[in-house]
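> Put the two chains together into one complex, using the hints given.
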Amino acid sequence: MAGSLKKPSPPRWLLAELTYACPLQCPYCSNPIDYANINSELSTDDWKRVLKQSREMGAVQLGFSGGEPLTRKDLTELVSYSHDLGYYTNLITSGYNMDEAKIIELKEAGLDHIQVSIQASSKELNDFIAGTKSFEHKKNVAQLIKKHGYPMVLCVVLHRENIHQMTEILEMAIELGADFVELANTQYYGWAHHNRDQLMPTQQQLNDAEVIANEYQASQKGKMKIYYVVPDYYEGRPKACMNGWGTTFLTIAPDGLALPCHSARQLPNFDCPNVNDFSIQEIWNESKAFNYFRGDDWMKEPCRTCKDKDKDFGGCHCQAFLLTGDAHNADPVCNLSPLHHTVTDAIANAEQPSEQALLFRNSKNSKLLNN
Amino acid sequence: MSVEPTQFINLSPTYRLQWEEAQDMFVLLYPEGLVELNQSSSEILQLCKDDNKLSDIVTALEEKFSCTGLEPDIINFLNTALDNGWITQKA
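Heads up: the protein sequence lines correspond to chains A and B, in order. Note that my numbering gives residue 267 to position 267 of the first sequence, counting from 1, and the numbers run on in steps of one. Note that my numbering gives residue 72 to position 72 of the second sequence, counting from 1, and the numbers run on in steps of one.
Next comes chain B alone, as it looks inside the complex (with noise of 0.2 Å):
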């Protein structure tokens, strides 16, 4: 699967992002699974949702991180995000 431009992103219903404050990062938990992410994943994630779409992601990461081309990253990690069923994107 890939992502495709036009569509919205969200978190999948079965998964739950949550801060770890012992572990001093962010996870993913889901029926009995827990995948710790680096900074740039979890960054990603959190704007997975309120039906962002990839430019609205790449716009906000981009501008935060006074940076460009961040596009082909976050594509990638879409897409492995996609595939892991983490995230749903809808028309």
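Chain A extracted, bound-state conformation (with noise of 0.2 Å):
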């Protein structure tokens, strides 16, 4: 493969996940479910390494996530150091713990915009999904946000509990003056995938939710921007993951593993490079990982001759493998793979509610599930 290729288009978005140590326990975090056994964090001068590397290949977008990005002490020195490298640098967070003095502080360190999580539009509701009471605290974060002049998107992640909120959530929004909203359906991986037929919402939830969407949408057109993410297990077609494999996107896992989607580490015998041993332009460049879905080379049947392939490059290599055991299948998803009924299957059991508790996001429960 190696050779054939032509040089990869440069990274321009770089995900930075400060730590997997989180106050919130939210049942569809995205972060792997083993993550209580990943105990290394890359030191602060690690990362300034990291950030200066992607800069210069060509990343100019980045996000500080997590876990909560909060609980590391050299996030503010992070966020200083990245811009002055010239990054547009986005906050990801829960909000929680954050007062008046760390929102401050971040903006004199440069720090352009934040993004808070809600998780519901009523206080019963959201402490109970993020495990941690927060709301009132949440909504005052939001609000001193907005009082320091920063940008805001609101994130509210969608599911089988929450969505028939809708209208109050993005009544929400507009109160505490979100410049953005993003409500985004769960994507099935990590936590949200152990948690899927409880999270699932049935088909008429949805359909409720997208009008209400689209009324929202036109009724704020030019005051705020509402992004309504569709799931993509009712789409019928694969969405184009990460933009094509190692196209555009890279993320840095708090050990240090470099990896070309965040769900990427599960995927097994991939080896995953890691910024202890390798610059990011070797990783990026060279690394088998980097290079693996890159192209149209390893595509299968029914991708390879697929009028599509360009568009969504076979969608999402991790749902492939989530759902089909083979990341080199097409994703399920897609209503042209032979596989397709294990995504129709779930959405059928939707229809059912799931008799399972949810299994909330702790090192507990991550502990209990891998061991």
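Derived from the structure by calculation, the hints contain no laboratory data. The reader is advised that the hints may include incorrect statements.
[Unchecked claim] Just some of the chain A residues that point at chain B, by a computed CB distance under 10 Å: (1) 7; (2) 57; (3) 63; (4) 356.
[Unchecked claim] In the BS3-like style, the derived pairs of lysine-lysine whose C-alpha atoms are separated by at most 25 Å in a straight line are: (5) 53(B) - 223(A); (6) 49(B) - 225(A); (7) 53(B) - 107(A); (8) 146(A) - 73(A); (9) 221(A) - 90(B); (10) 107(A) - 123(A); (11) 90(B) - 146(A); (12) 146(A) - 52(A); (13) 147(A) - 90(B); (14) 288(A) - 239(A); (15) 90(B) - 225(A); (16) 53(B) - 146(A); (17) 221(A) - 49(B); (18) 90(B) - 223(A); (19) 221(A) - 53(B); (20) 239(A) - 300(A).
Only a predicted model underlies this, so the values are computations on that prediction, with no experimental measurement involved. Ideal placement from N, C-alpha and C gives every residue a C-beta, glycine not left out.
Right, dumping it as structure tokens:
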């Protein structure tokens, strides 16, 4: 494969997952379910090296994420360093334990934007889903973010338990002065995949939610931008995952593993490189993992001869692995996949409520699942 | 939305226009978003500042590129930019 490929496009987005530590316990968390066994974290100097090398290659959008990035004591230092390198810096946070002094400190360090997640529009449901009392504090943080002149994205992950609150969620976003609202239907990786039967909405719930999202998109035009992310399970065609493997996105996990997509560490025998061993340039251009799904040499049927293969790149490889056991298969979300029934069966099951309780994302459960 | 000749045009405060050496192009940056701009788009957006009006932008670009008749293309792009929230106009 090597040699026949033209030079890959440079990375433009860097997702820095600073830590897996998080005070919240959301059952749809995209972190790996065995995160409690991954204890090492990159040092401040390691992160600076990664940030510098990635910037030199072309990365310009930078997300500080986790876990909860605010638990890292060097967050402000890393923001300041990134700002000086010319990144557009985004903080992706639960807002938990954030106070006004921190919001000001980060602003002075050059932070460009804060995305706050809220789990629901009511205190009771928010605190239940988050597994932590946090609703009033989050709302307060959102107001402080606006007070200090940041653009704010309010992110609400949607699922069976909160999707009926669409109207209230959007009204809350207006009240809090959000500039952008991301209504992201749950994607079923990590903890969300484990809890899938309890989280999947019914088709009717989704149809209702979409109508409301469209209404507000029209009435808020020019004031608040609303992104409504339709869940790919219900779409029939796969998403162009990561804008194409190894073309745009680079994720660095807390322990330094470099991932073409933030779920990729679950792919077996994949050998994702670590920034402790290689430079970002070596990782992006030469590593097996980043070259693996570049181009279309890897494709099997029905992808290989599909007219849409340059549009969706075969969909999501992590999803193909999770649902079919082989990451080389077409994403079974695609209605041309011979294994599409793995998705339609799950949708049919969602019509009946699951008897199983939600498993919350915390270290105890993580260890329980992986011992 | 369409651009009004009497109004002042500026880049929206939530957006940042930046030259990217590695990619040899201007990009527009905003919360979790990135637009890679071709040359004509970036030439126009660079002039969306200092309370310029449509006529200021047209004049500046026609002078810079020694040509005439750019107004229709500039209006088209500015309308798109307004719709996307990249720029604001005010009286």
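> I'd like to know which numbered hints this structure contradicts. Please list them from smallest to largest.
Hints 1, 4, 7, 10, 12, 16 are the ones this structure does not satisfy, whereas the remaining hints hold.
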